[in-house]
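Asks: Between the sequences and the hints, there should be enough to build the whole structure, so can you do that?
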Amino acid sequence: MMKEIDNKAQNLHSIYFASLQLGDLLQLNKIDMWCNDGVCYARVELPSIASNLVTLTISSLREMVNAPTAPSKFIHLKHLCIHLGGVKLSPAYDYFFLASFIDASPSLETFSLNLPQEPMEDGWGFGCSSDLRQMPQYRHHNFQSFEITGFGSAKSLVELTCYILESTTSLQCVTLDTTLLGAFKCSESKSKKCFSVTRGTIIEVQKALLAIKTYIKKKVPATVQLTVVEPCRLCHASEL
Numbered sequence: 001m002m003k004e005i006d007n008k009a010q011n012l013h014s015i016y017f018a019s020l021q022l023g024d025l026l027q028l029n030k031i032d033m034w035c036n037d038g039v040c041y042a043r044v045e046l047p048s049i050a051s052n053l054v055t056l057t058i059s060s061l062r063e064m065v066n067a068p069t070a071p072s073k074f075i076h077l078k079h080l081c082i083h084l085g086g087v088k089l090s091p092a093y094d095y096f097f098l099a100s101f102i103d104a105s106p107s108l109e110t111f112s113l114n115l116p117q118e119p120m121e122d123g124w125g126f127g128c129s130s131d132l133r134q135m136p137q138y139r140h141h142n143f144q145s146f147e148i149t150g151f152g153s154a155k156s157l158v159e160l161t162c163y164i165l166e167s168t169t170s171l172q173c174v175t176l177d178t179t180l181l182g183a184f185k186c187s188e189s190k191s192k193k194c195f196s197v198t199r200g201t202i203i204e205v206q207k208a209l210l211a212i213k214t215y216i217k218k219k220v221p222a223t224v225q226l227t228v229v230e231p232c233r234l235c236h237a238s239e240l
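Start counting the sequence shown at 1; every next residue gets the next number (full-length UniProt numbering).
Derived from the structure by calculation, the hints contain no laboratory data. Keep in mind that this is a model prediction, so the values were computed, not measured. Note that the Cβ used here is the ideal one computed from N, Cα and C, for glycine as well. Some clues are possibly wrong.
Unchecked claim - Computed Cβ-Cβ distance ranges for the label pairs, DEER-style:
#1 V229 to E166: 47 to 55 Å
#2 R199 to T223: 33 to 41 Å
#3 I203 to A70: 35 to 43 Å
#4 T223 to Q27: 33 to 41 Å
#5 W34 to K213: 34 to 42 Å
#6 T198 to T175: 21 to 29 Å
#7 T110 to I49: 18 to 26 Å
#8 D32 to K219: 27 to 35 Å
#9 S90 to D131: 21 to 29 Å
#10 S112 to Q134: 22 to 30 Å
#11 E45 to R199: 39 to 47 Å
#12 S170 to T198: 35 to 43 Å
Claimed, not checked - Distance condition first, Cα-Cα at most 30 Å in a straight line; then the derived DSS-like pairs of lysine-lysine:
#13 K207 to K217
#14 K78 to K88
#15 K73 to K219
#16 K73 to K88
#17 K218 to K78
#18 K30 to K78
#19 K30 to K73
#20 K88 to K207
Replies: This is the structure we're talking about:
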């Protein structure tokens, strides 16, 4: 089966690919990739072979290692979207390392992260804010909006969110959606009622909302609009 494409299309500006080994793509400004370990591959390989990227979408089928830190930069990247919904994650996967992507992108304006909404049991109990990890901060002056769909209570996810809030001077809006791509939204259902979800999912939503209240809300600057999307109270009033 074909493993590599020799690209000689000088006017090619965007590409969608799945599980290919890429060569020199310096002329590209948009890539939509769908492959195993896509986050790790993109962080390591793309800055050198596609350094003119403006828009990058990663849909990963499997992530077995954390996003690596590296000195390489996405100098022109403005829009980053990472889809991990339904992906097979390593039990030790650390969302906090996604900050490496953000710090490598000084021109970044928007970042969205889509996650599977499922119990995030990583063995931590809510304590004081000093228990959260920090890293040296790159000050972002172009970053405007940040969204997580499927926001959960994993400590590393809370740490990533707090890091973005503390390192960005130009942020305008943050959306933390504790639902799963409309699964709690009865307005999108033909029956006009939310899709049913497991008790474990409801418990995870409760934990996610508590994490937002405990750690995140107090770090949101007054100039930033925070939107927290919850399951609708009409269909899930007795569960929340």
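Asks: Next, verify each hint and record whether it holds.
Replies: Consistency of the hints with the structure:
1. V229 to E166: 47 to 55 Å: violated, 22 Å
2. R199 to T223: 33 to 41 Å: holds, 39 Å
3. I203 to A70: 35 to 43 Å: holds, 37 Å
4. T223 to Q27: 33 to 41 Å: With Cβ atoms ~38 Å apart, the hint holds.
5. W34 to K213: 34 to 42 Å: holds, 35 Å
6. T198 to T175: 21 to 29 Å: holds, 24 Å
7. T110 to I49: 18 to 26 Å: holds, 23 Å
8. D32 to K219: 27 to 35 Å: Check passed, 32 Å falls within 27 to 35 Å.
9. S90 to D131: 21 to 29 Å: holds, 23 Å
10. S112 to Q134: 22 to 30 Å: holds, 23 Å
11. E45 to R199: 39 to 47 Å: holds, 42 Å
12. S170 to T198: 35 to 43 Å: holds, 39 Å
13. K207 to K217: holds, 15 Å
14. K78 to K88: OK: K78 and K88 at ~27 Å, within 30 Å.
15. K73 to K219: With Cα atoms ~27 Å apart, K73 and K219 stay inside 30 Å; holds.
16. K73 to K88: With Cα atoms ~27 Å apart, K73 and K88 stay inside 30 Å; holds.
17. K218 to K78: Holds, at roughly 27 Å.
18. K30 to K78: At roughly 10 Å apart (the allowed maximum being 30 Å), K78 and K30 satisfy the hint.
19. K30 to K73: Holds: K30 and K73 sit about 16 Å apart, inside 30 Å.
20. K88 to K207: holds, 22 Å
Consistency note: the structure conflicts with earlier hint 1 alone.
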